Structures are given as structure tokens and as C-alpha cells.
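Residues per chain, in single letters:
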Amino acid sequence: MATSAPVHAHAAPQGFIRKYVFSLDHKIIGLQYYFLALVAVFVGMFLSLLMRIHLIWPTAVLPLVGEIKPETYLSLLTMHGTIMVFFVLTTAPQSGFGNYFLPIQIGAPDMAFPVLNMLSFWTTFVAFVILVSAFFVSGGAPLHGWTGYAPLSALQNAGPGQQLGADLWITSIAIFCVASLMGALNFITTTLDLRCKGMTMMRMPLTCWAWFVTAILGLLAFGVLLSAGILLLLDRNLGTSFYVPLVVVNGQVMRHRGGSPLLWQHLFWFFGHPEVYIAILPGMGVTSQLLSTFSRKPIFGYKAMVYAIMGIGILGFVVWGHHMFMSGMSPYSAFAFSIMTMLIGVPSAIKTFNWLGTIHNGRVRFYTPMLFAIGFVSLFVSGGLSGPFLAQPVLDIPLHDTYFVVGHFHLIMGVAAIFGIFAGTYYWFPKMFGRMMNESLGRVHFVITLIGTYAIFMPMHYLGMAGQTRRYSQFTEVQYMTHLIPLQTFMTYAAFITIAAQLIFLFNLFWSMFKGEKASDNPWHATTLEWTTTTPPPHDNFGGHTPAVYHGPYEYSVPGAAKDYLMQNDPAGVAAH
Amino acid sequence: MASFSPTVPVSVPATGHGGGSVPPSYGGGGGGSGDGYPDYGRRLRRARLGLAVALAPILMFFVSLVSAYIVRKGLPTFDEKTNTYVREWNSVELPLALLLVNTGLLAASSISAEFARRQITRQAALAPVRSIPGVSLGNEAGVPWLYVTVLLGAGFLVGQWLAWQELAARGFYLATNAGSSFVYLMTAAHGIHLAGGALVLLYAAVVSLFHKPIEARRIVVDVTAWYWHFMFLLWVGIFGFLWFMR
Chain A
1 MATSAPVHAH AAPQGFIRKY VFSLDHKIIG LQYYFLALVA VFVGMFLSLL
51 MRIHLIWPTA VLPLVGEIKP ETYLSLLTMH GTIMVFFVLT TAPQSGFGNY
101 FLPIQIGAPD MAFPVLNMLS FWTTFVAFVI LVSAFFVSGG APLHGWTGYA
151 PLSALQNAGP GQQLGADLWI TSIAIFCVAS LMGALNFITT TLDLRCKGMT
201 MMRMPLTCWA WFVTAILGLL AFGVLLSAGI LLLLDRNLGT SFYVPLVVVN
251 GQVMRHRGGS PLLWQHLFWF FGHPEVYIAI LPGMGVTSQL LSTFSRKPIF
301 GYKAMVYAIM GIGILGFVVW GHHMFMSGMS PYSAFAFSIM TMLIGVPSAI
351 KTFNWLGTIH NGRVRFYTPM LFAIGFVSLF VSGGLSGPFL AQPVLDIPLH
401 DTYFVVGHFH LIMGVAAIFG IFAGTYYWFP KMFGRMMNES LGRVHFVITL
451 IGTYAIFMPM HYLGMAGQTR RYSQFTEVQY MTHLIPLQTF MTYAAFITIA
501 AQLIFLFNLF WSMFKGEKAS DNPWHATTLE WTTTTPPPHD NFGGHTPAVY
551 HGPYEYSVPG AAKDYLMQND PAGVAAH
Chain B
1 MASFSPTVPV SVPATGHGGG SVPPSYGGGG GGSGDGYPDY GRRLRRARLG
51 LAVALAPILM FFVSLVSAYI VRKGLPTFDE KTNTYVREWN SVELPLALLL
101 VNTGLLAASS ISAEFARRQI TRQAALAPVR SIPGVSLGNE AGVPWLYVTV
151 LLGAGFLVGQ WLAWQELAAR GFYLATNAGS SFVYLMTAAH GIHLAGGALV
201 LLYAAVVSLF HKPIEARRIV VDVTAWYWHF MFLLWVGIFG FLWFMR
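Protein chains in written order, with the working numbering: chain A, 1 to 577; chain B, 1 to 246.
Treat the hints as calculated values from the structure; they're not laboratory data.
Where hints are given, some of them may not hold.
[Said to hold, decoys possible] Here are a few chain B residues that face chain A, going by a calculated C-beta distance under 8 angstroms: (1) M60; (2) R72; (3) L100; (4) V101; (5) A175; (6) A178; (7) L185.
[Unchecked claim] Calculated Cβ distances over 10 angstroms to all of chain A for the following chain B residues: (8) G50; (9) A97; (10) E114; (11) R122; (12) P128; (13) V135; (14) Y147; (15) W164; (16) Q165; (17) L174; (18) Y203; (19) L209; (20) H211; (21) L234.
Everything numeric in this text was worked out from a predicted model, so none of it was measured.
Every residue gets a Cβ at the ideal spot worked out from N, C-alpha and C, and that includes glycine.
Whenever a hint applies, use it, and build me the whole structure from the sequences.
Below you can see the structure in the form of C-alpha cells.
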């Protein structure tokens, strides 16, 4: 490359501890986050399987686990939600892939603050260990759901898991907040300050835009959750009354008075709604990247995509009230929140139509990453369409405490984000490990997962409309729900099959690391900077040089070019201008 | 040859970075060992940017406490005894005189932090001249502003502790009522943030005993001084809020 400039490469560390454990290298830290999320997702999935088993065989005694009592079911519910939202959906797409690929895609040798980066991973790790430890303390894990509504969450004697288990839960979340804030700080500074020569903001790949906006959301949201968690800890342990009104538990008057349970809901959802976008935006970025690459076409409407990401980010902060229509809020507030919520449909539709426009008339290559990216769009549309229903108070009130909402958010925020992670894994695996993942296994994994996901979550919408309440551990004895048992049974079997299919993925992941076909530097013929460097990338990403960028990230099928793609650092075409 | 996005000759890069015109990143992230000397100017800008970003969640943290305060004060809750909605709020008698003295101490430490920042900036600028053999700029030691700042900051923290004692003497403990809970919580949260800044300043003062390059120390002092100013303004905001909204 004619115009690359030398950098002061910091020496690669020697020794296992400095290289792989307390590493300062963003690539290793990204992988650490990824594997933490991988462990977490299997724990979370196992918990969900236990719930599904309990729902249709409520009296079954399981090996190792024993009988699932109603309170155990609520613990499973709480821990499944918390682990999945924080340690999978927030951790893998943003901290995992973002750490690994943001610096490379913008042509930087590392993150802006490597030590802080290491700290944020290990803080996240500690938070995860504390959370899981809640299972093993007396009383067990908390019952209050991942949303931790007060006063249930704020009283020590409100239930079996509400003693030490709930304290551990809050502590874990608080530590996770600090870790996420450190991560977000690093992402934003890196994006603003470390872009290489020629990499303007509007030439960044949409993945980088997604990580950047996600980091801003995290920066503004996690501080609020942190303060909410501290107030909760004080209420629980030091007798304050932020959230707890005068209540009577088991015939005993508590010493709290005057607190407002709604205050917790406001603070929690002010964080909680942006959190939904923290989970999904990186998946949108990956999808945009992949649809363009595998359709061999520039992304349709790059600028519109960027503005849509920003629009979703901004609107995400003013819609938290739609989680609280049930709380008896003023109809005027509900109306405002409802309108703002439905407005999110606009940038979401822009993104969806741009994705379709990108595939349209493209020379689509259906490799596994592309299949998962298309699956993402499918799930995003299916899950998104029920959004406008729930955005209206008059429909939300009957549907809110039913399976309809469970189906909605699992499709759009849960599984769609997971598909984004899968797409990213299959796409970047060759760059991360130097080998290709097995394509046949990938396709089998995709087909079973897509069909299985729909088989699990689509029926939930019908259950919800039939009035089946969520969070109830047992419904088989309830007369008006007995006709729903076959559907629930079907969903449990679908869950078994879908979870089994994830073992295919796990096998493929580890088998391919050692036995997969050797990958070239740019196996997908993609244009962004991570594909210009060697596989796997050297310690300073570009082997002692900083790249220079001449083009936008989606130069596919450029008229008159020798190849059907133009790498971002390819100076070709410059002379013509 | 055509392409979809305008191509720009790299000799005239249209970088248009957010946050000002930052030159291309040749410096590398941190470390900076190797044959060349580290680009301290660039590292300073990056550290300042990092600080500016870091102040956002700190501000959000306190904003959420402030809004929790307003909601908690204004929202009536259901009282099971009387079956009515009641507002439960009692004002806290803040020790105003003591808090005003504390505010004065923190203001003084903020000014002192600014002197420390300018002092080390000047020292860093003169360091190359000073390193020329035979060149003497005289004794430039002057006032040890770093230590003065930390001392004044410690004075503020002690003052806050005394204010807590005074509150307790007046019968206001953490769980007495929601108002006192917020007073303790917000002052404690601010105190912890300030103590963190003081530790960093102490670190910068202590490493001067070792052979750490003055430019590296300058970055620490510069960023922490800005943080310190922010902590002062934050305190004024918290104090004013707690007083006028009591």
C-alpha cells in the first residue's frame, strides 16, 4: 500500500496470563466477552428449558434439579431473563464483536483505553459470577423477575429468594452497570478519536455506527439503572422508603412508609427501554453489513440507515412509559408515550425496506451468515409487527400480562438479536480463528433454529389472545386454559429440538477452530478494513502500518471496476477525480 | 473509474472528525514504547475526550437521583390505614452555614486545581529547554498546588462529614424520612466521586517522585482538574437543589 504510515506498535505481550487472561488486546477481550456470553446463553437456555418442562409437566421430578416448585419457577424466570438480557444480548453483540471489530474496521491499532477495556471485561465477569451465585445461597435466586418490581424486590421477607439472593442480584446488576459504562466510554472515544486517515464518520461501516450509537445509549442508560439499584439496596438493607409504601407482609407492618413503587418502574424502564435497543442495534449493524456483502450490492440508502439508527436511539429514550400502561398512568401521558412508541415504526420501517432494497436484484450468495442475516430481518418484521398493537394502551391493557408480550419481545429483541450474533459468528469466524466454519452444519443449524424459533414463539401470540397469563408457574389445573395444553406441549417439544440444534452450532464452532478449512484473508470478498489485514490479525491489527481509506464501506459491483468489489483502502479510482 | 461514494485523494483527506480536527492516528493507543517518542498532545486530547464522555453518565446518575427526588416528593401513595392517597414528605433542616463553608472550600480547591493544571502545563512546556545542559530557568518550584488542592478537597470531605454529624444531631438519619435519605445519598455519592478525583491527584503528585515523564503526569493532572471543576459545579447544583427543593 503506497500510503500507509508507520505506527508505534506496542509490543505483543508474552506469557499466557498477559496474553490471554489479563490481556489489553481488544481482540482477546472481544473473544473473552464472546465466550462469557456463550457460557451465559447455555445457562439461560437451560433455565428456559426447565420452565418449559414445568409448564406442561408441573409435577415432574427432574434428575439433579428435583421438583420445580412455584417459587423455583419464578427464580428460573428471573435468572433466565437477567442472564439473557445482560450477559448475552448486551454482552456478545456489543462488547464481544464490537471490541474485536470496531478498532479494526475504523483502522485503529486498539481501543482508546486498553486498560479500561480489560477492567470492563473482568468487572462484567465478576458481575456474572455474583449473579449465578444467587442460585446457591440460602433461599435461592430472587423471584422478582428481570424487571425487579418493587415492593416485591424491596422487601427481605417478601419471598424465599428475596433475602440474600435478591441482594446478590442487585449487586450483580450494579457491577454490570459500571462495567458497561466503562465499555461505552471506550467505544465512543475510540470511534471519535481513532479513525484512520480518510475514515470519515460517513464512511464507517454500519456495524460501527450501530456500536457507536449503542454505546451512547448505554452511556446514558446504565447510570440511571445504577442509581435505581442503589436506592433499592438502601430500601432493602438500611430501612429507607424510596420504593416501599406502608405495607403489611405476613400480617406484619413494615417500617417503610410513603415510598413509591412506580418510582422504581420509571427509573427501571428509563434504562430498560434503551436496553432493548442496546440489544438489537448491533444486530441491525451486522445485518446491514452482511446483506450488502452477500448481495454484492451497496447498502440501499446508507445515510438513511445512519439516521434511522440515530432516530431509533433518540426515540428509545422517550418511550419508557409504554411498559407502564398498566400502572394507572394519566391517559394523557399514556397517549404521549403511545404516539412516541408508534413513531419508532418509522425508522424501523426505513431500515427494513432498505434491507429489502439491498437484496432486491442482487446476486445473492446464500452462505450461512447471509441466511442468518435474512433470518434476522424475518424475525425483526414478525416481532415488530406486534409492536404497534402493544403500543396502544387500549390493546396493551388486556394483552400486557399475557403470553402475547412474551412472544413479542422474544421474537424482536431476544431471538432477532441472537440471529445477529449467529450471523456475526459465521461471518467473522474466519477472521477471528483463521478457519471457515462448516457450511453444511451451519445450514442445518439455521433451518432448525429458524423454524424452531417460530414454533416456540408464534403460538405465544395466540395464547396471549386466548387470555393465558404469563409468569404463572402452573396452568394445567385452570379450567379455562386446559384447551391450551396441546399448544404449550407443542412449544415445549419445539424448544427441545431448537435447543438441541444449538449443540450443532457449538460443535461446529469448536470443531472448525481446529479442523475447519483454512480461510484466506478475505473469504467473503468484502470491502471493509478487517478483510485487508492478515488472518487472524496481528497484535496491532495492521502489522506496523495504519491503513488509509478512500471509499465508503459498500463498494460492490462498481461499474468499470476490475473486481466486483472495491476495498476501502484501495486507492483505485482516486486518480479519476 | 466510478464508485458509489465520492473518492477523495488521500493527500488531502476530508476527515471531518467529530470533536474537532484530529490528525490521523499514527500515535497508536497507549503504550507508545518503541523507537519514536509517544505523541503526548494526541494522548492529552484523547484523555480529555474520554473525560468529557465519562462525565455524561456521572451527570445522568445524579439527574436520575434528582428526578427520583422530585417524583418521590410529588407522587402521592396509597395509605392502607386511611384508604386514601397521601403525600409523605418532611423537610430536612440542612446545616446551611456549614454547607456554605464547605462550598467555599470546594470552590477554593477548584481554583487551586486550575493553578495546578496551569503550573504543570508550563513545566511540561519548559521541560525540553530545561533538559539542555547549561540552561537554568532558576528555581521554579512555587506553590505545590496539587497538594493544596487535595488538602482543600479533604477539608471539604471532612466538612461534609461534620454536616452529617450535625444532621444526625438534629435527628435526621438515613432512614428518618425520604428527604434525609436523599440528602445522605446525594452527598455521599458526590463525596465518593470527589474522593476518587483526590486519589488521582495524589497519584499524580506521588509519581513525580519517580521518573515518570512530566508529559504523562500533565495529562493526569489536566484531566483530573477538569473533573474537579465538574465536581465543584455538580456540588453547587446538588446543594442548591437540596436547599431550594427541601
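Now the hints, each set against the structure:
no. : hint : result
1   : M60  : holds (4 angstroms)
2   : R72  : holds (6 angstroms)
3   : L100 : violated (27 angstroms)
4   : V101 : violated (28 angstroms)
5   : A175 : holds (4 angstroms)
6   : A178 : holds (6 angstroms)
7   : L185 : holds (7 angstroms)
8   : G50  : violated (5 angstroms)
9   : A97  : holds (27 angstroms)
10  : E114 : holds (24 angstroms)
11  : R122 : holds (26 angstroms)
12  : P128 : holds (20 angstroms)
13  : V135 : holds (29 angstroms)
14  : Y147 : holds (26 angstroms)
15  : W164 : holds (14 angstroms)
16  : Q165 : holds (18 angstroms)
17  : L174 : violated (6 angstroms)
18  : Y203 : holds (14 angstroms)
19  : L209 : holds (22 angstroms)
20  : H211 : holds (20 angstroms)
21  : L234 : holds (13 angstroms)
Comparing the model with each earlier hint shows violations of hints 3, 4, 8 and 17; every other hint is respected.
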